[in-house]
Structure formats: C-alpha cells, structure tokens
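**Student:** Read off the chains here:
Number of protein chains: 2
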Amino acid sequence: MGKTQNIYDNETFFEGYKKIRQDKQSANILEEMPAIYSLAPDLHGKDVIDLGCGYAEHCAHFKKMGAKEVVGVDISEKMLEVAKRENPGIKFVRADISDLSFVHKKYDVVFSSLTLHYIKDFNSLAKQVFAILKKGGEFIFSQEHPFSTAPIDGPKWIKNEKGETVAYNLSDYALSGKRKVNWLVEDVIMYHRTFSEVINALIDAGFKVERVLEPLPSKAAIKKEPKLKRRYHKPNFLIIKAVKK
Amino acid sequence: MGKTQNIYDNETFFEGYKKIRQDKQSANILEEMPAIYSLAPDLHGKDVIDLGCGYAEHCAHFKKMGAKEVVGVDISEKMLEVAKRENPGIKFVRADISDLSFVHKKYDVVFSSLTLHYIKDFNSLAKQVFAILKKGGEFIFSQEHPFSTAPIDGPKWIKNEKGETVAYNLSDYALSGKRKVNWLVEDVIMYHRTFSEVINALIDAGFKVERVLEPLPSKAAIKKEPKLKRRYHKPNFLIIKAVKK
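Protein sequence lines correspond, in order, to chains A and L.
At position 132 of the first sequence the residue is numbered 131 (numbering that gives the first Met the number 0), and the sequence of numbers has no breaks.
At position 27 of the second sequence the residue is numbered 26 (numbering that gives the first Met the number 0), and the sequence of numbers has no breaks.
No lab work stands behind these hints: they were computed from the structure.
A portion of the hints provided could be inaccurate.
One copy or any two copies: either way a pair holds, since identical chains are not told apart in the list.
[Unchecked claim] SDA-like, lysine to any residue: derived pairs with alpha carbons at most 20 Å apart:
hint: 1; residue 1: Lys207; residue 2: Lys244
hint: 2; residue 1: Lys228; residue 2: Ala173
hint: 3; residue 1: Lys155; residue 2: Ala173
hint: 4; residue 1: Lys222; residue 2: Asp171
Here chain A stands alone, though its shape is the one from the complex (with noise of 0.2 Å):
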C-alpha cells in the first residue's frame, strides 16, 4: 500500500501505543494538543482533513468545535477500526498520506497529527497539501521535534553523578534521512529533518509560514512532576502552522 512503514498495525505497537494515549498525563496531552489546537482557526463550517487521524481524538474534537466535514486519513486497519467505532459521525480513509491523489476536494484546513516525520518525501508531502487547500486554507501540523529524531542511535540524555538530567546528547543533526528507533518496538521507520529543511520545503510548496511553537510542559505540569524539567533542553515537538495566501 504505498512507500510508509504501517508501523501501527503492528499488534505489539498498537497495544503499547494505545496504553500511551489513555495516559492523562502523556506529553501529547500536556504538550503537543494545548499548543496545536492554540493555531486552529474558527472551524464553524469549515472542511477538514487529518492526516493520520490514528484513533480520531483530534478529528472529534474538529466536529465538536463546528466543522462541517471532518474527513480522517491513516494507513493502520487497526486504528481506523477504533476510530470508525467511536466516531460514527466522521468519514475515514484508509491510504498512505505520502500520496494524497485519492483526495478530490479542496479544504480549508489541513490538519496532521505527529504523523509527518513518518513520511519520507516532505517537500513531496508540503506540495500535494498546498494543491488540497483552498485559498486561505491553513496546514497545522506537529511533528516530532527535530531534535529527537536527529540521533542516528536514537535520542539519549546526558545525567549527572546524581542521576539528574542535565542536557541531551544531540548527533546528527546535519545528516537528514531515514532513521530506525526503538519505540515500543524495534525497527520503527522516521525520517529526520533540519529546522531549515522543514521550514523551505513549506515555502518552496508555496506557504507563507505563520506560526511555529516547540511547546512546553506548564508551570504546573513540571511542579506536579519535576523530571519534565529536561523539556528545556530539548522540547518533545515542533508544530507550525502555514498558511496559502
């Protein structure tokens, strides 16, 4: 089915990966769904698309906040299982996002979830999003922060004699390309991109870029517990938000 790893039906992934998510406490919940539902627009009546919707979290929260269409895309049978289930209100796609030629519509906002440092051919990906957005239309994305996706062995942080965090082991950063890690299984495929490289191949499909955020934990957050202080040496995410003009 196309050129992306289908990692999340992978039974191993997709149990350990459901077990995160009902975390109330995970850092997509406290870092990554403040931040980037902070750059969604008024959906009153908007179309909308999200690529790699997963368990369609974020696509239930597009309906209830006044989206007209809401439309869900991922590549994992099993995700899509879930989200069908308890979603009955939104269509669902079952495709490779790395090829959006089975969209035939234009919407105003393309949304995609920590999915995109899955795809190998971003410049490709930022293109085929420009061409589905109508004029105005927004493209919110997070993905994970280049900083983690960098180390070709995989992210490590650097501890004192103490066992505290005191900074993070940063390799690679120049070298893009495909990496392999260990996320609750071995040999999980993501691409790493720059900064630079993310940011151009925006501007190179067309956008204006708007926003870009490496959220944080909050204030209280860190207080309730204190090890998520090493967010300030390197953030989980990077979100942007770019705009066709």
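Put chain L on the given structure of chain A with help from the hints.
**Tutor:** Positioned in the frame of chain A, the structure of chain L alone reads:
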C-alpha cells in the same frame, strides 16, 4: 551609548578577533559567507545598510556587487577605524543597532552578519528593521546557531574514548535569554533565542520568511580538515532571509 555591550572595543577581544578574521580557513569564510551571500538579491542600484559591519568586508563586497549606497553601522570605534581606513567610498555610522532611530531613509536591503545574537530584544529589532525597509525590501542576517547559544555553561562537544567528537551537549535550549560566554575574553554577553522565537519575531514584525539556512562546510573543506565533521552534530550558524511584502 545604548544598551548593547561594546566588547569589540576591548583591546584583548579586538586583537583576538582580528586574528580569527585573518584566518582564511575560518568558519566565517568557509561556512557563513558563501551561505549568506547566496541569499543576496541583485544589488545593482540598491541601497544597503549593514548592521554590525565590523571591518566592513561585507560592505565592500556589496559595493563591488553594484550597490548604490552602502552604509555600515557598528558600536565599536576600533572596528570602524579599520573599516573607514580601508573603505573610503562607504558611509559609516557609530551606533548601537538596538535603537535604529538614527536611520532616516528606507533601504532595499538590511544586512547583518553575526551581530544579532548580541542584541537583547530581537522582537523590537525586527520591527525596527521592517520600518526602515522599502516595500519588497529584504532583511538578510546570520547569527550564532541557537544550539551554540543555548547552553548556559557554554557550548561543549562530547567525545568518545579515542577523542573523536561524537555529539554535542545541548542544554537549556528552551530557556531563552542572556548568556555570558568566554570567547576571546571573559563575560561576552549574548542572547539565546530558540528557532521558533526567531522565526515568530520576524512574522510578528510583518515579514514573510523566505529562506532559512544552517550552512555546513563544503565536502572539500571537510576532506582537508576532518574535524569539521563535527558540524554535522551542530551547525555553526543560522541564516535567514525575510521579505517585506
């Protein structure tokens, strides 16, 4: 004279800096200059102002490229002394560029090489630069890479048992603000900003970001000096072109 530290008038700093700039294999020559010049438009008939001109090598280059008027601005009397002696055809102004109220005309290009990390309030500077640009004018600048300015204790490489650089010790990235670094002399004051803070300041000032570069040494330069490979872990510079549409 304003708020910015005038470290270039420190005798030891000035002499140390002179030596670095005389080195034809410096990072400025191998990495920064080709990248920042690659972003410059056709300068024929254009008015250019260079914020933090130093010795005015860039001013001289712009003149040679056909610029009509070139103005060099620097806070350092010593730097301007050299600049004036070597460039009789160029106007120079001694000023702290954190306050551009001395500028009374509009320019086609505002250029700044490796100076803006000395300026405390980049949001204010971006707005002031926007104001002194003609419509369609370009703000082209380089700065220390945010990875370099991030660590409060200064940048550190990580080496393996053989003494080879294998990573960069990234810390305090999300804690933007003042840094005191030891570079040529003690307590040189710089300001760290994250990628997103730099980009968003430009957007908020009204700019369209057109290009972001994180230049590396060429393959030939790395072949000649293999230790330059460490730039793959941490590039030295961040270079941006933003346009007043």
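**Student:** If the cut is 20 Å between Cα atoms, do Lys155 and Ala173 qualify within a copy, between copies, both or neither?
**Tutor:** Result: close both inside a copy and across copies, 17 Å intra and 17 Å inter.
**Student:** Checking Lys222 and Asp171: alpha-carbon separation at most 20 Å within a copy, between copies, both or neither?
**Tutor:** Result: close only across copies, 18 Å inter versus 33 Å intra.
**Student:** Within, between, both or neither: how does the pair Lys207, Lys244 come out at a Cα-Cα threshold of 20 Å?
**Tutor:** Cα proximity of Lys207 and Lys244: in one copy and across copies (7 Å, 11 Å).
**Student:** If the cut is 20 Å between Cα atoms, do Lys228 and Ala173 qualify within a copy, between copies, both or neither?
**Tutor:** between (26 Å within a copy, 10 Å between copies)
Checked against the numbered hints given earlier, this structure breaks none of them.
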